[in-house]
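As a plain string of letters, each chain reads:
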Amino acid sequence: MILFDKVSFSYGSLRVLRDVSFSIGFNERVAILGGSGEGKTTILRLIVGLVKPDSGRIIIDGEDISEKSEDDLRPLRMKFSLVFQEGALFDSLSVKENVAFCLREYTKMSEEEIDLKVRDLLRIVGVEHAADFMPEELSGGMHRRVSIARSLAACEPRMFLYDEPTSGLDPVNADTICRLILELSRRDRGFIVVTHKVSDALKVSQRFIFLKGGTIIFDGAGDEFLRAVDPDIALFLNEVRLGTS
Amino acid sequence: MDIKALISNLQDFYVLSIRGLAGMVRRPFYWRDTLEQMDYAGAGSLPIILIVSLFVGMALSLQLTAELARLGLKMYTGKIVGISVIRELGPVVAALVFTGRVGAGMASELGLMVLGHQVDTLRVFGVDPMKKLVTPRIASSLVMLPALTIIGDAVSLLGGYYIAVFVSHQSGTLYWSSIRRELIFENVFAGALKPFIFGYLIACICCYTGLSTRGGARGLRRSTTRAVVTSIVMIIVADFVLTRILLYVLGFSI
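In the order they appear, the protein sequences are chains R and D. For the first sequence, the positions run 1 to 245 when the working numbering is used. For the second sequence, the positions run 1 to 254 when the working numbering is used.
Where hints are given, some of them may not hold.
Which residues of chain R face chain D? A partial, calculated answer using Cβ under 8 Å [unchecked claim]:
| # | residue |
| --- | --- |
| 1 | Leu50 |
| 2 | Arg77 |
| 3 | Phe84 |
| 4 | Phe90 |
The set of hints was computed from the structure by calculation and includes no laboratory data. Where is the CB? At the ideal position from N, CA and C, for every residue including glycine.
For reference, chain R alone in the conformation it holds in the complex (with noise of 0.2 Å):
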């Protein structure tokens, strides 16, 4: 369980975050929505402890994570799987060696083990044949679908939280990633997607979070959030509304 107890966030002078609760289980399937700046990408960093609140309680499983050293921090972050915005892969080491870095990090896996989990992975996310190209050649959606497997060989995550996966990429890629993300979601585990495009969270989400200001407005199931009068909420909707018209 994740539970946010009034949790405030600033950027120097720029508050994002305003006294923000909510609680989260792990096997929830969960979309943070709003503009850019409201502070959506912050709570997936406040999460796994990359930033520290200004004030208020992150606790993760019981635990307060708020003050935590980074060397605590090491084994809460192996519960989670965060896939950056644009994949973030090591831009020095191929494919295969960016998925296959925790296993040489964290394993003592053969090297020959190493490439048979590495190529079951890519197979998983359906790039295998991309295992030898540098991240410069792939493409985005090739860049979010790595991305993904390295992050499955990093651990077993409890849940994956996932940073805009399918901003800038093409409608057919972008369905790719959703159904990809609901696969992965299927044994019991949940997610956490960040993203400003509606249709794609409505795709693979139960449970919606709309952010405005640097508080919640909106915290509930799909078929109310689609009858929400707020009007910030409804000019996100007519992104759907005008899809479907």
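Following the hints, put chain D in place on chain R, whose structure we already have.
Same frame as chain R, but now just chain D:
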């Protein structure tokens, strides 16, 4: 910049410098990364060090020969070239070239990794960026800059030899024997210590500046420029301070 931010930055720099160095004696060891950095810093910098050192040696020898000839002291060319190159010019020139090529590369590479969330990815995977990124760069600088300095010194002396013998028509034997006489412990020690200090300074400054990159392409340009400028200034300042200390410790009278 306000005082609070300045102190905070200095504290972060101090922590990076200490933890980066301490990483060399604490597991895990990233041998592959260290060797890659050594290859980039050492083998990659060799051609430019050779060219720069050769011309510095020739220019120095030319200047000295012209001046000493007027005083009838041309036979001291080797001695002065030797002292200047071994104690002063060799380490400083190698460090400046190293900053321009390797230091700028470190800052921009790490800056790009920060902007592309690659450093955050390392942290999420439980990898200490200090050990994975900073320690190999410090280690490679501590090994490769002294090595490059020694090679650069030798090439500078060769450049000086060429001018002394083929342009100024002096005796080659006299040139080398006067240099050999200057290869005493005090001179060699003074020249050998500096590259270690310079290498450590360059790696720490450039890694710190690279890892503090914020704000897109403009931020990357700013941090790379700051890394190079700060390193150059610190090399020159450290050179003066070290020279003063070494002259005192090694018993040279001024």
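Here's how the hints hold up against the structure:
Contact between Leu50 (chain R) and chain D, as hinted, is supported at the beta carbon level, the nearest pair being about 5 Å apart and thus within 8 Å. Because the smallest distance between the Cβ of Arg77 (chain R) and any Cβ of chain D comes to about 5 Å, under 8 Å, the interface hint for this residue holds. Interface restraint check: Phe84 (chain R) against chain D, minimum CB-CB distance 4 Å, threshold 8 Å, status holds. Using the Cβ-Cβ criterion of 8 Å, the hint placing Phe90 (chain R) at the interface with chain D is satisfied: the shortest such distance is roughly 6 Å.
Comparing the model with each numbered hint stated earlier shows that all of them hold.
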